[in-house]
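One-letter residues, chain by chain:
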Amino acid sequence: MHPVIQVSGVRKSYGRTVAVDEVSFEVNEGEIFGLIGPNGAGKTTTMECIEGLRTPDRGTIAVLGLDPFRDVYKLQERIGVQLQQAQLQKRIKVWEAVDLWASLYQKKKADGEHLLALLGLADKRDAWFMNLSGGQKQRLFIALALINDPEVVFLDELTTGLDPQSRRAIWELVRGIRDRGKTVFMTTHLMEEAERLCDRVAIIEHGRIIDIDSPVRLVDRHCPERTVALTTEDPIVAERFRAIPGVDAVICNGKRITIRGPGYDLVTEVIHCLSENHIRVTDFRTILPNLEDVFLKLTGRSIRE
Amino acid sequence: MMLRGLWKLTWIEIKIFLREPLGAFGTIGFPVLIFLAWGRVASRRLAPSSLAASSFIRVDIPVFASLLIAISAVLSLVTIISIYREGGILKRLRATPLRPQTILTAHVLVKLMLTAASLALMVLAGKRYYPVGVHVPLFSFTIALLISTWSILSIGFLIASIVPTARFAQPIGAMILYPMIAVSGLFFPVEFLPPVLHAVARLLPLTYAVALLQGIWNGDPWSAHLGDVAGLVLVFVVCAALSAKVFRWE
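Residue numbers (our numbering), protein chains in the order written: chain V, 1 to 305; chain H, 306 to 555.
No lab work stands behind these hints, which were simulated from the structure alone.
Bear in mind the structure is a predicted one, so any value in this text is a computation, not a measurement.
Glycine residues also receive a C-beta, built at the ideal position from the N, C-alpha and C atoms.
A portion of the hints provided could be inaccurate.
Which bits of chain H does chain V cover? Going by a derived footprint, with three or more residues having C-beta under 8 Å, they are [what the hints assert, rightly or not]: (1) 320-327; (2) 388-398; (3) 401-407.
Here are the simulated EDC-like pairs of lysine to aspartate or glutamate, each with C-alpha atoms no more than 20 Å apart in a straight line [stated by the list, open to error]: (4) H:550 <-> V:57; (5) V:137 <-> H:391; (6) H:313 <-> V:113; (7) H:396 <-> V:99; (8) H:313 <-> V:71; (9) V:90 <-> H:391; (10) H:396 <-> V:77; (11) H:396 <-> H:496; (12) V:90 <-> H:325; (13) H:320 <-> V:99; (14) H:313 <-> V:99; (15) V:90 <-> H:555; (16) H:396 <-> V:71; (17) H:313 <-> V:233; (18) H:313 <-> V:77; (19) V:90 <-> H:525; (20) V:255 <-> V:233; (21) H:396 <-> H:318; (22) H:320 <-> V:126.
When you get a sec, could you build the whole thing from the sequences and use the hints?
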């Protein structure tokens, strides 16, 4: 795997506010890399520095071996960009936008009509931009980002403001982009999106990167706790669970019992205990920590705040 | 190549402009209507034979209407640029191989074509108000109006740089541009102005635009107005250089 994006020691401030502070990471070819964090964490600034739309105060960036500032036009030829909260001319037609974008690139292009069909916009090709729904606008922006058959695609807060159904459809599209061998660099403040979509994520807060890894490994590293919740009629069973080595806490709430402890073995141990003692349960579920919990653990606050 | 996408963008912007009937009418139709109304009133009220009437109808009204055409083109540019900036459209266009100057050039081209179209409409609609026998060099006049508009458009970019939001674009632009007509020498010669205003008038592009338009309409040769053209070019160079420094894309 060789990196297509290399960011090293990048810093960017607006006046006295430091938006991005000593940020370094690499994005490998063919992966979906997510920059995740709350609003205002520095995600968009970082992304726009990499796209060549902003100049960092310090640090170096290389994308496909190019300097986004010096070689900005060469770079634009090879990347596709979807910006957060972008608009087009109100009365531009869908096909006109695609046609205009296609005319801007020198290299071989994706077939515009095919892209529109792929993104479910074929019957909207004569519609004005202003008359598209939020999801249709986002799909058009994805089409524009893909029109030059780019090697790296940048997606900034792609599904913000979309309903769950459109969101899932767009996740499928992004996976499709990666499956065609492209590299995807995206930002999101939705942990579910990052968890389902990204091969690797960087958690950013207050302009600094806190940790980088695959979602699964991040969870394992920072939140190794497992929780088992079960319901049983057996009144004395709590004591048996407390006897399991490695169990931190057993909380009884009427018939409902919650067992918490670190490590992969907790679930096996609980099941073992149930079968050994012939305990009948009417409900049994394991609760795994997710990126949301990782974020809470690392920053001391919820990403939703 | 720098011009990549220029023609396509220009053509799309023309179509988009025409798709908003109210805006298109306001920009093209308003100066023509003013011209027709004034021409009609003046030709009725003033004795056609008097020298003052003849000069007013023959020169001042068409030149004034032409200036309005130029200014409404500039105001339209200021409004569009600020709306495009506020909506992130300029930013989205920049995140492509399009050069910034291509984006702005496309808008200038649209406004120049609009100016030429309005002028043609005005001439056609106002044929009956031109005293018979006067031969106006329409081609030269069109060129003169395009040069004037092009020069004032550079001020439009400066205004577009300073307006905080799209809502204020039109009023702020109007507040800056319309008063320039008062001291431009259109209704009385610049020399009659108090010294301070006279000096101000010398700095304003409309003063040169009026001298050029009046002269060419009257049949002067271009050689008599090289100074005015130079003034307009200088205004463009200065404003373009300033805009390049202060223009905001988002």
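Handout entry: Hints breached by this structure
Key = Hints 8, 11, 17 and 19 not satisfied by this model.
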